[in-house]
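As you go down the protein sequences, you meet chains G and A in turn. Using the working numbering, you'd call the opening residue of the first sequence number 44 and step up by one each time. Using the working numbering, you'd call the opening residue of the second sequence number 17 and step up by one each time.
Warning: the hint list may mix true and false statements.
Here are the simulated distance ranges between beta carbons [claimed, not checked]:
1. Lys320/A to Asp407/G: 46 to 52 Å
2. Glu52/G to Asp41/A: 42 to 48 Å
3. Thr29/A to Pro551/G: 51 to 57 Å
Just so you know, these hints were derived from the structure itself, not from any lab. C-beta: ideal position from N, C-alpha, C; glycine also.
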Amino acid sequence: MKNRDRNNEQHQQILGAFQTALGQENVSDGPATMNAYFGDWLPPKTLGTSVPPEFVVLPNGTMETQAIVKICNRFKIPFIPVGSNQWSLSSAPNRPGTVIIDCKRMGEIHEIDEKNMFAVIEPLVSLAQLHAEANKRGLYIGSPEASAQSSAVAGHLFQGMWGVGHRIGVAYRNILGIEWVLPNGEILRTGSFSQDPACGFWGEGPGPDLRGMLRGYAGALGGVGVVTKMAVKLHPYPGPRTWPCEGHIPNQVSILPEDRFSWDIVKYDDLEGAINFMYEVGRAEIAAVLQKWPTVYYAWWWANSNEQYWETWKKRTFQDNVKNAVGVSLWGFTSKKQFEYEKRVLEDIIEETGGKRIPREIYDLWVPRTANNWIRDTNGSRMMRPSGTFLALRLPTDTLRNSIGVVRTGYEWVNKFSPPILDSDGPDWIGGYDFGHFGFGETDFPVEKTPEDLGDLMNKLLGMTKEDLQNGIENGIGPFLGGTYHAMAGKVFKYDKLLKGIKKAIDPNLVSNPPHNIPVED
Amino acid sequence: MTENKEMLLPKDTRYLKYPADGPFDQEKARWTAFNCSRCSVCKWVDSWRVKSAKYARICPQHTKYLYDSHSGQGKCDLALALIDGKLQWDDDPEIKNILFQCTMCGGCDAMDKGIRDAELIKMYRWLRSEYVKRFGPLPEHKTMTDSIREYDNVWLQPRLKRNNWVKELKGMGIKDLNREKSDILFFAGCTYGLSDELKGTIVNIARILLKNNIDFGILGNKELCCGSPPSKTGILDEFERLAVSNIKQFNALGVKTIITPCAGCYGTLRVEYDEIEEKKNFEVLHVAEYLDRLCQDKKINYKKELGITVTWHDPCHMGRLGRPYVPGRDLEGVYEEPRNILKSIPGVELVEMERIREYAWCCGGGGGAFTGFKDFARWTARERLAEAMDTGAEMVVTSCPWCETSLRAGAAGMNEKMETVDLFDLMVKAL
Ligand SMILES: Cc1cc2nc3c(=O)[nH]c(=O)nc-3n(C[C@H](O)[C@H](O)[C@H](O)COP(=O)(O)OP(=O)(O)OC[C@H]3O[C@@H](n4cnc5c(N)ncnc54)[C@H](O)[C@@H]3O)c2cc1C
Ligand code: SF4
Ligand code: SF4
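Excised from the complex, chain G in its bound form (with noise of 0.2 Å):
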């Protein structure tokens, strides 16, 4: 597909706008720089339906980045703004004519307050940019399995489940002001940065609380214009001021201090027992870590090669040791004392739960190398190792048990669906959020980076997707974004009606980031 469909008058005409705006060397449509904007690890440019972006522009800031959002509405061209841009299904372009707004230019951390508890970021910091910047302040934020070199802006726009999510609940409930250019070129300052864009401590009002319209079920996407500038919560974390790193890449061990942080692998006989576990976690309020996760992201975390990973899969290191095992860390909050009675609750509830702690050598070998990259992640990428790439059906958002139901069906589909999908032994994420409140799933697998085994696969889930739908299964997006989410986020939702509203409001010439979301057009 070509990447502009416009005369090189015109392409020459909107290149003159926006380097008058940002200076010649901050805006690009040359072909090996547009090259590199369109995916690609998930399908889309595997598939040949992305394209390069016709220009690639990096601004500076709010005004700078209202210039660019209102030079796309003179000329009416889509822009996508990008934080890492690693999450190429809804940010690779897949029309011509499109404007990529790389947020690079944007990384400075503005204020770490100490004393409130929160930071005020631009688009490009990384999460790990800010653990550091936190821990050394006693402080302390989560980071998605995207892996912590991921924008925190864009992380707490976007799906927002990270390990911490039990205590901390997700992303998009940490987000307190937000600095924003909406589609149609308008500032947007939300909560305290309403009455002085310096100030970001508090998130709700004045008025509605418009945060809610950065959100879809995975974020806008780029749909509703640009932050630039976004405060967000941090949270009291005992840990050492640097983070604790032995050994070198690709082996190296991370592990907190054993006075105040501690996990526990904790198996059950069935997925029921592992959720009970869960809830009585929750119900107890200790923990900040709880995680269900799925036999495929201990080996995609862990193995340091793909020789690793298969050998280990083939041997079934750890199909046969964590199946339906919980993964729970304590931490020390207050005191050493509060840790040591958190631990003791611990004790009780597996004891309870007729829980079993993993084998030793499981634990000895998985946990030093990997546990923590669910407090900071840095192997998340991992996930793409095995096969080249992953995909996922039937993600359910609701609660914990809700999630039993919906991953349990997700087992038919991926035998169903083997091959293409890989070995992957009943791929499983159950996350708890908020003390066990509310729960997130997802199913896992991987999957041989061919177009021919995507694009089979693609096509099976679709027609999965619209099964559910035709059986009212209300439950479970999937996979991820794009056709299948276009299919069943309006009808469960009907979130397509509330995005045409907001549209309407803001985006007259439909320029935000408009296919990725639901299809507003029509």
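With chain G held as given, fit chain A with the ligands onto it using these hints.
Frame of chain G; chain A with the ligands shown alone:
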């Protein structure tokens, strides 16, 4: 535990085991590029190692030029598009910059190896050589290329000048391996050997070796360039010519150990020569590795207390690029030895920068950037010097003529002063 025969495994066996052996050809380049997941790991210091927001980046090229095309990920996208014919080599003059601004420091390569089995630096070398096949060496690299072809060194110097540095050590017992035998060859390298500014370092090293009665020899006028500069700048025929000649010469002389003070020579002799079919009958050590053994045995007799605080800059080619790649194996390099030596010098306090070992920030001097993209090389060096200053150190110590030259060039014109000193020059000050 049983092996399940029914398992559904990837059909492409390269997913089962990365093919690290064999020449790095177009197929391997495509494999590396195709499996890039655009995760951005190659742009940042490994997340577990990030200690501050200020020093969180790993890639000088991407940090400076910002577009994703100018990063490891972007070069994967470029390789894939060029190989698959989606882009043509002459479609965009920026291709030259994307490929050659990069300092070939391997920061991206090391971080990438944390999450997948791949060899980015080899892919860059392949891309550069394909570029050179089509357009010839970069004009900025032409002098160096001509010099290598004409004189077997990169500095347009007559062969006879190679021996100049030993003149002041005449009669002290350095063997000429063209006439005498020794198990140990001291390989000076073009840059230390031919630069008036830098040759003092190798004189100092030779003095330390002689003082400790180490039996070693040199090749004098017969020493050839190791082949590092042509290897990094895409002139692979010259690299091969030099590598084959060198291996044959070392084998013929019966040398068992080669010690070199130059990080660039070290990485090339130790790692890149593995690509040459000619069998190597010798081991390669950096002088720091060799002298560390003497320090451990307390054989070095220091006489003076220096009373200084220093920081150590890890040269890329003796660090993360100083070992052959074995998927899954630690990215080891010569990290501890120079630090041990520094700690052994009386009155030297070593303070570390934030980005060290395999996640060190480059000096800007490598990959032909120093000659090809001077301003960028200088900017990269200044970033490093700023990091060094933040440690409170009075000087930055390293052991690579390229790093020293680049860091000194970067320091020129900076308001705050930060001296760059060679490890062995510092050592000699305390003897
Ligand atoms: C291997 C892997 C594992 C993952 N695991 C998890 C997980 O466990 N939990 C989870 O929540 N997520 C997960 N994700 C998704 C992940 O959250 C996002 O990919 C990540 O946060 C994206 O960061 P990014 O900087 O790459 O965003 P990008 O890809 O740059 O952007 C993501 C979306 O946000 C929009 N956007 C980006 N910046 C802005 C801005 N400034 N203003 C407005 N819109 C913007 C983009 O248009 C895009 O649609 C995973 C992704 C991968 C690849
Ligand atoms: S780290 Fe590797 S896989 Fe990730 S973007 Fe860079 S080159 Fe691609
Ligand atoms: S080798 Fe160095 S400069 Fe080149 S892309 Fe990698 S990190 Fe950047």
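Results for each hint:
1. Lys320/A to Asp407/G: 46 to 52 Å: 48 Å, holds
2. Glu52/G to Asp41/A: 42 to 48 Å: 44 Å, holds
3. Thr29/A to Pro551/G: 51 to 57 Å: 54 Å, holds
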